[in-house]
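**Student:** Each chain is listed here by its residues.
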Amino acid sequence: MHNKTLTELAQALQQRQCSSVELTRYFLDRIERYNAQLNSFITVTAEIALAQAHTADQRLQSGKADWLTGIPMAHKDIFCTQGIKTSCGSKMLDNFIAPYNATVVEKCQAAGLVMLGKTNMDEFAMGSSNETSYYGPVKNPWDLQAVPGGSSGGSAAAVAARLAPIATGTDTGGSIRQPAALCGLTGLKPTYSLVSRYGMIAFASSLDQGGPIGLTAQDVALLLNVLADFDPRDSTSLAHPSEDYQSHLNDSIAGIKIGLPQEYFGEGLSSDIGQVLDVAIKELEQAGATFHDIHLPNTALAVPAYYIIAPAECSSNLSRFDGVRFGYRCQDPTDIIDLYKRSRGEGFGAEVKRRIIIGTYALSAGYYDAYYLQAQKIRRLISQDFAAAFKEVDIILGPTSPTTAFNLGEKTDDPVKMYLSDIYTIPVNLAGLPALSIPVGFVKQRPVGMQLIGNYLREAQLLNIAHQYQQRTAWHRQIPPQFA
Amino acid sequence: MSLQKAEVEKIAHLARISLSEADIPLYTHHLSNILAFVEQMNRVDTDSLTPMAHPLEATARLRPDIVSETNQRDHFQTIAPQVEAGLYLVPKVIE
Chain A
1 MHNKTLTELA QALQQRQCSS VELTRYFLDR IERYNAQLNS FITVTAEIAL
51 AQAHTADQRL QSGKADWLTG IPMAHKDIFC TQGIKTSCGS KMLDNFIAPY
101 NATVVEKCQA AGLVMLGKTN MDEFAMGSSN ETSYYGPVKN PWDLQAVPGG
151 SSGGSAAAVA ARLAPIATGT DTGGSIRQPA ALCGLTGLKP TYSLVSRYGM
201 IAFASSLDQG GPIGLTAQDV ALLLNVLADF DPRDSTSLAH PSEDYQSHLN
251 DSIAGIKIGL PQEYFGEGLS SDIGQVLDVA IKELEQAGAT FHDIHLPNTA
301 LAVPAYYIIA PAECSSNLSR FDGVRFGYRC QDPTDIIDLY KRSRGEGFGA
351 EVKRRIIIGT YALSAGYYDA YYLQAQKIRR LISQDFAAAF KEVDIILGPT
401 SPTTAFNLGE KTDDPVKMYL SDIYTIPVNL AGLPALSIPV GFVKQRPVGM
451 QLIGNYLREA QLLNIAHQYQ QRTAWHRQIP PQFA
Chain B
1 MSLQKAEVEK IAHLARISLS EADIPLYTHH LSNILAFVEQ MNRVDTDSLT
51 PMAHPLEATA RLRPDIVSET NQRDHFQTIA PQVEAGLYLV PKVIE
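Protein chains in written order, with the UniProt record's numbering: chain A, 1 to 484; chain B, 1 to 95.
Okay, derived cross-link-like pairs now, DSS-like style, lysine-lysine, Cα gap no bigger than 30 Å in a straight line: (1) A:K64 - A:K107; (2) A:K411 - B:K5; (3) A:K377 - A:K417; (4) A:K377 - A:K391; (5) A:K64 - A:K4; (6) A:K391 - A:K257; (7) B:K10 - A:K91; (8) A:K91 - B:K92; (9) A:K107 - A:K4; (10) A:K107 - A:K85; (11) A:K411 - A:K91; (12) A:K417 - B:K10; (13) A:K91 - A:K107; (14) A:K411 - B:K10; (15) A:K282 - A:K444; (16) A:K91 - A:K417; (17) A:K91 - B:K5; (18) A:K377 - B:K10; (19) A:K282 - A:K257; (20) B:K92 - B:K10; (21) A:K411 - A:K444; (22) A:K282 - A:K4; (23) A:K391 - A:K282; (24) B:K5 - A:K417.
Think of the hints as simulated: they come from the structure by calculation, not from any bench.
Generate the whole structure from the sequences, applying the supplied hints.
**Tutor:** Laid out in structure tokens, this is it:
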């Protein structure tokens, strides 16, 4: 049961081979059995899940079910869930019971999906390894000595170990795609603001984007159908007509022009990963795609620009956490400044404090032009690079991550080294483009991810190519042996 | 760009974050490394470029200035650290 795709599970539910309550119990049992090894969930909502599953069964019996009604899922703990702890991986919000639901959560509930719980994550989504969470690191199901990637590492580990059939994540600089790659999954970062950000705890508002992490492109398409919609409560939400992202999965990809950015295949890329990607490229070539060398000349500048823009935005967004209205408050403050400083000093972890301080510095008088304004101009260059590339090709292909999953603790002493884990994913966020990662093989038993980047709102095309690849290969069907 | 201890303390104060004395050297080291890393942006001539603040160049959509939410003050204050008579309590600023 646990290795079935969403389509297979939906068929099983609709043909009454099992009930949603049975399916939910099955995954809750797996969480009970395996979560201690992985630490992939912060909160398990068993009672709520069973109640939702019961309601889903009634919908299924009455013939009023949607396609995903009754399917269990997990939400990253960055999405507000009414009446349920929403910690964002932080001590600051360890006692925060959200008073409302994020739009993403509401949409999943309306579609009849069943929430198993809230998944672990880097604190306030700041990290590439899931080691900055207040609730401890998440382990990679393929190798418990390795990180699952971040910041949506709890969601990725839960899906990879089949503790949940699918999960939500968020991607500010690669936080859906990089953990999907490191855990052997399919993860999609949609076009900026295609999925509502209402109720998603903000890190860097011009970059953050929620999306699905699942086993296959088809699964991801099915959940994107639920998530992607205009939301009047999000003032940046895209007024884009609803699409059926499943409808083009079986289109031929013959004649599709795919660009290979030379800057993504340079010396920073592990040669083993390069070889795995070469095999995947040949597979797509046999399916009829054509490949063309292209250039994204300012790629190397994306990470430095990101590490000014994201901290600048986070220093502003996280100013709301001051110990006054909700969240952590320090003991016995002497005055209001002491209340602010100690609540924030004690409530935030080291990486969050580093980024707030960098952001405060970059926005301060005398440094604004040199850092923040310059980073915004570099962002323009990155965006122009993509615009020029999309005049030549339909899709851009490259690695998702320069290495496979690294070991726990390997990069924690060197923030810059950690930041470079996201060198191939960050440019996409700066430009606001859609991109996905799919599994294409292994190096030393650790999964390798391939990234496909599309032009604005070309999610259907990305999913089509990914699905066609997955029809020809079985990498997406591999299960970590310990969780088989 | 290398930061000094006093600068880190000053920025942390501006950001309203307390840092323990023992942690400041490591913060100073890491923050200096990050600033040195981002310095490479300055090698690029960007005089002719317009800064890009939003990936889709969009501006925030406005809505009519009418009340659309019901008052949920009591509900929201159930998660507050300290409240009294509908107000959030904080330490005295002036004696």
